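Visitor: This is what each chain is made of:
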Amino acid sequence: MVAHLSDSMIFGPRPYDLKMIALVAVMALSGCSNKQVIVTGNFPTPTMTKVQTTLGVVYSPEFANHEFFDEAKGRNESSWLVQTGTAQVEFWNTFLPGMFERVVVIGSDEDWHTHHESLDAVLIPQVAELQYAIPLHTNVKVYEIWLRYQFRLVTPEAIHAHEAESLMFNPAEDIASFTLTAYGKTPSAFMQSDTDAVNYAAIVALRDAGANFVTQFDRIPAVATWLLALGEDTPGEAP
Amino acid sequence: MIANPRLPLSLVLVLSLQACVSATVNEMTYNEPEAGIGDAALVILGRRHAPDYDTEFDFIDCVGKVIHSGDPSITVINERQFIDRLYPWFEPRIAPMQPSDIDRLRAQEPIQEQLSRFGIEYMIWIDGTTIETNSTGSMTCGVGPGGAGCFGFGTWGNEANYEATIWNLNEQAEVGKVSAETSGQSYMPAVIVPIPIIAPVQDTACESLGLQLLQYFSSEH
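Read top to bottom, the protein sequences are chains E and V. My numbering puts the first residue of the first sequence at 1, with every later residue one more than the last. My numbering puts the first residue of the second sequence at 240, with every later residue one more than the last.
Simulated from the structure, these hints should not be mistaken for laboratory data. What you are looking at is a predicted structure, and each value in this text was computed from that prediction instead of being measured. One thing to keep in mind: the hints can contain errors.
Computed Cβ-Cβ distance ranges for the label pairs, DEER-style [stated by the list, open to error]: (1) K416(V) to T181(E): 44 to 54 Å; (2) Q192(E) to T263(V): 26 to 36 Å; (3) E413(V) to T181(E): 24 to 34 Å; (4) E352(V) to H113(E): 32 to 42 Å; (5) R219(E) to Q257(V): 51 to 61 Å; (6) S193(E) to I370(V): 15 to 25 Å.
Each residue gets a CB set at the ideal place from its N, CA and C atoms; glycine is no exception.
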């Protein structure tokens, strides 16, 4: 059981930021230009009929501090560090309350103890993969960001405290587990820097993640069954 | 005091140099609102689902300005504001592709309320982009103790191709298409000072498309 839960750890001590150290080391050794993007933007609240559900959300440290590092492969290339974690949390904290009647962010064991009786389910998002492309890579004048999310919807009882700073969930109490992709692009523009363009593409990708989530959520069979059991209509169909 | 009185005139001439642009406009519209659109508003949206281009936000702004400046009684809703207020339903992945899709969205009360608040009767979708078709030439610039300067010649071509599709939301019908194709060649000779002679390809497409749409919506044109 211990091993089983260890596989499902969602909260734990923050690991050292090895990627940042690697980036600094690469910058120091190569002397090449390196690009760092801390994704920032404003996100709108969805306009839709809300799902009458109280949803808990757990952002793991990996999710809340998500970043992507791509080391330069040649002298003419730059190393890239794209940090999406803060924007991810900001986006989903804006998006989910627009889609569900009540949303509670579970940030600690104490939060869970306070709210777990009122929760219908807990959503745990993870960024499984991030890819990017810039005109230098593709010869197309478009900057692109592609994201793959792994979502788990679990019962409130699936969340357990583990040691001082850890929250874990029991995969046996999954309601649903599903992946979603998101894509954002922006054409190259006069006087626009690479980093601005990648930032904008990431914002478009996050917005696209919301659009995909709205249209796919109730189409996942296990989620549809869960919503039916709650006596809830589907959140609304896309055209 | 100006040492050389001809200098400002020369500057004005240089700044106003424009290369030629050829434009073709096609229009096919139905059910024109002969008395204009009254108190109703319209929104102009860009299509952005193609893999290799996006219809530019500033082009959409430009067309809206042409319509509103031609007839200030026509309310044109800002595109970004509209997309944000109706998020996520007009994101490229799930944006409506036909007028009947709007009716399905209206089934959700918050969306219906927001559309009513805007008072939108017409939705115009613009699909297209401006591309650079060719470029050639070379230019060298240098800086020395005596000053700086450039020498050379560059030229490049641009093509703009846009199509506007008009939806009447009350009738749930497509009521017209207007398209504009423009192209032009820009030049940049440089003898000490580079002199850009720009072909306003996108601006011409914007004005052509905007004026055609203005004629459709305005009772005064």
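Visitor: Now, for every hint given, state plainly whether the structure supports it.
Guide: Hint by hint, here is what the structure shows:
1. K416(V) to T181(E): 44 to 54 Å: Violated, since K416(V) and T181(E) (Cβ atoms, about 33 Å apart) do not stay within the stated range.
2. Q192(E) to T263(V): 26 to 36 Å: With Cβ atoms ~30 Å apart, the hint holds.
3. E413(V) to T181(E): 24 to 34 Å: Holds, at about 31 Å.
4. E352(V) to H113(E): 32 to 42 Å: holds (38 Å)
5. R219(E) to Q257(V): 51 to 61 Å: Cβ of R219(E) to Cβ of Q257(V): about 53 Å, so the range 51 to 61 Å holds.
6. S193(E) to I370(V): 15 to 25 Å: The hint (15 to 25 Å, Cβ to Cβ) holds, given that S193(E) and I370(V) are roughly 22 Å apart.
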